[in-house]
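Let the hints inform the model, and build the full structure from the sequences given.
Here the sequence shown is numbered in the working numbering, starting from 1 and rising by one per residue.
Note that these hints are calculated values from the structure, not bench results.
Think of the CB as a built atom: it goes at the ideal place given N, C-alpha and C, for glycine as much as any other residue.
You may find that some hints are simply not true.
Unchecked claim - Calculated lysine to any residue pairs in the SDA-like style (CA-CA distance at most 20 Å, straight line):
1) Lys9 to Ile90
2) Lys9 to Asp79
3) Lys9 to Val22
Stated by the list, open to error - Have a look at the derived ranges for each label pair, beta carbon to beta carbon:
4) Ala48 to Ala87: 16 to 26 Å
5) Thr40 to Ala97: 33 to 43 Å
6) His6 to Thr74: 23 to 33 Å
7) Arg66 to Arg89: 14 to 24 Å
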Amino acid sequence: MPVPLHQAKAGFFRMLGHPVRVRVLELLQGGPLPVRDLLTRIEVEPAALSQQLAVLRRSGIVTATREGSTVVYTLAPADVAPLMRAARRILAEIASAPPPPRPTRAPAATAVREG
1 MPVPLHQAKA GFFRMLGHPV RVRVLELLQG GPLPVRDLLT RIEVEPAALS
51 QQLAVLRRSG IVTATREGST VVYTLAPADV APLMRAARRI LAEIASAPPP
101 PRPTRAPAAT AVREG
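See below:
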């Protein structure tokens with residue numbers, strides 16, 4: 001039985017829920033990159049990057065190809081780059097929006113005491 005679309009979307013966004021994975025996707029928008037370049041630009045331990053790249057590979061959002069002794073990563077679906085740009089625009093709008101007004105409290109009811 002296929003997974004309902006809303007559950008698949010939730011899983012997709014959970015997969016994006018790590019800063020290293022998001023950074024990898026941002027960097028790959030500029031084109032394929034070897035692991036050594038990703039390590040230099042992200043500045044994480046090799047094991048940490050490898051773990052996050054594995055999550056992205058399993059999800060199908062990136063592909064890895066071997067060129068000699070070098071592994072090069074590429075964004076797989078064409079829609080990933082526009083999604084990342086849309087996220088950037090949405091976050092910029094949220095950050096530049098004035099804060100929402102604070103809720104006002106209704107005046108407390110005063111009890112009348114009979115004396």
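For each hint, the structure was consulted:
About 18 Å separates the Cα atoms of Lys9 and Ile90, which keeps this hinted pair within 20 Å; it holds. Only pairs whose Cα atoms come within 20 Å are accepted, and Lys9 paired with Asp79 is accepted, the gap being roughly 14 Å. A hinted pair counts as satisfied when its Cα atoms are at most 20 Å apart, and Lys9 with Val22 qualifies at roughly 16 Å. Roughly 22 Å separates the CB atoms of Ala48 and Ala87, a value that falls within the hinted 16 to 26 Å.
In this structure the supplied range 33 to 43 Å holds for Thr40 paired with Ala97, their Cβ-Cβ distance being about 35 Å. Between His6 and Thr74 the C-beta distance comes to about 29 Å, which sits within the given range of 23 to 33 Å. Roughly 35 Å separates the CB atoms of Arg66 and Arg89, a value that falls outside the hinted 14 to 24 Å.
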